[in-house]
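In the order they appear, the protein sequences are chains A and B.
1 is the number of the first residue of the first sequence in the working numbering; add one for each residue after it.
1 is the number of the first residue of the second sequence in the working numbering; add one for each residue after it.
Since the hints were derived computationally from the structure, they do not count as laboratory data.
Incorrect hints may have been included.
[Stated by the list, open to error] For the chain A half of the interface with chain B, some residues (derived, Cβ under 10 angstroms), not all of them: (1) E26; (2) L41; (3) L43; (4) F57; (5) S62; (6) E99; (7) I100; (8) V107; (9) P108; (10) R112; (11) G115; (12) L117; (13) Y120; (14) K124; (15) V139.
Computed from a prediction, not measured in an experiment: that's the story for all the values here.
Just so you know, even glycine gets a beta-carbon here, dropped at the ideal spot from N, CA and C.
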Amino acid sequence: MALERMAGTLDEETRIELKNSLSELERLSLALEEFGDRRCLPLKTVMDVNLALDEIFTNIVSYGFPDSDDHLIKINLLIEGKELNITVEDDGMPFNPLEIPEPDLNVPLEERKTGGLGIYFVRKMVDELRYERRQGKNVLFLKKKII
Amino acid sequence: MKIKESKSGAVIILDLNGRLDASNSGVLEKKLTDLLGAGEKYFILDFDRLDYISSAGLRVLLMAAKKANGAGGKEALSSLKEHVREVFDIAGFTAIFPICSTSEEAAGLF
Chain A
1 MALERMAGTL DEETRIELKN SLSELERLSL ALEEFGDRRC LPLKTVMDVN
51 LALDEIFTNI VSYGFPDSDD HLIKINLLIE GKELNITVED DGMPFNPLEI
101 PEPDLNVPLE ERKTGGLGIY FVRKMVDELR YERRQGKNVL FLKKKII
Chain B
1 MKIKESKSGA VIILDLNGRL DASNSGVLEK KLTDLLGAGE KYFILDFDRL
51 DYISSAGLRV LLMAAKKANG AGGKEALSSL KEHVREVFDI AGFTAIFPIC
101 STSEEAAGLF
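Next comes chain A alone, as it looks inside the complex (with noise of 0.2 angstroms):
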């Protein structure tokens, strides 16, 4: 019974659902905070994962919409094994992060530009990032090596 009671909790899906509104990345990183403790995930872990959802998130939400209406992103996040499987879907405009180039960090402060920073922090996050266009609707997916 403790067994399969045990196999049933690391197949449950978690599901995040965030307003379109930068004020939701504080229900983002307490539900994580919640998620990682609920599941006994190192610390390290769930920082990259929150800053890698973080910069997604931001970006789905200033860029990804040109109406006003409220609009929901939703995050599932599975553990499969030492992996953490993650999608965030959202119904905002096409937007394939992959796209975006990476930043010439090697320049001086004054030239520095943040331009394409976050995008490049969630590359740098997670092990691997992949993009759908699926039904109108973004879906990407992240996976996270738990070490």
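With the hints as your guide, set chain B onto chain A.
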């Protein structure tokens, strides 16, 4: 995020407490812009109680550093926690900002 402001000689010290992300980076941006507008150009940002920073926070720090440098001043950072430091490293910001272990050490730069 809470910002506590103090002044030591010509140096403005901003003590940041909490998380710095896109939901509140505008508050820090306004604070720094107002101070720069009032002629201040020497800054220490004390990160001792800052738990988190995203690219939105880095953008504000870069903007202020450029303006402070342009005015002949300086912006130094102190007491970065490990994962905050890591974000700076990844962004290549460790190389372009003076970063000190303590705010006292940072004060020695001015």
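Going down the list of hints, with the structure as the test:
Given the 10 angstroms rule on beta carbons, the hint for A:E26 holds: about 7 angstroms separates it from the nearest Cβ of chain B. Contact between A:L41 and chain B, as hinted, is not supported at the beta carbon level, the nearest pair being about 14 angstroms apart and thus beyond 10 angstroms. A least Cβ separation of about 8 angstroms between A:L43 and chain B falls short of the 10 angstroms threshold, and the interface hint therefore holds. Annotation: interface hint on A:F57 holds; nearest CB of chain B at approximately 9 angstroms, less than 10 angstroms.
For A:S62, the shortest C-beta to C-beta distance to chain B is roughly 7 angstroms, which falls under 10 angstroms, so the interface hint holds. The closest approach between the C-beta of A:E99 and any C-beta of chain B is roughly 18 angstroms, which is over the 10 angstroms cut-off, so the hint fails. The beta carbon of A:I100 comes no nearer than 12 angstroms to any beta carbon in chain B, farther than 10 angstroms, and the hint placing it at the interface is violated. Satisfaction of the interface hint for A:V107 is found here, the shortest Cβ-Cβ separation to chain B being roughly 9 angstroms, below the 10 angstroms cut-off.
For A:P108, the interface hint holds, the least distance from its beta-carbon to any beta-carbon of chain B being 7 angstroms, beneath 10 angstroms. Taking 10 angstroms as the C-beta contact cut-off toward chain B, the hint placing A:R112 at the interface holds, the least distance being around 6 angstroms. Contact between A:G115 and chain B, as hinted, is supported at the beta carbon level, the nearest pair being about 9 angstroms apart and thus within 10 angstroms. Look at A:L117: its Cβ gets to within about 4 angstroms of chain B, closer than 10 angstroms, so that hint holds up.
Interface restraint check: A:Y120 against chain B, minimum CB-CB distance 8 angstroms, threshold 10 angstroms, status holds. Residue-level restraint check for A:K124 holds (minimum Cβ-Cβ distance to chain B is 5 angstroms; threshold 10 angstroms). Of the supplied interface hints, the one on A:V139 is violated, with its beta-carbon coming no nearer than about 22 angstroms to a beta-carbon of chain B, more than 10 angstroms.
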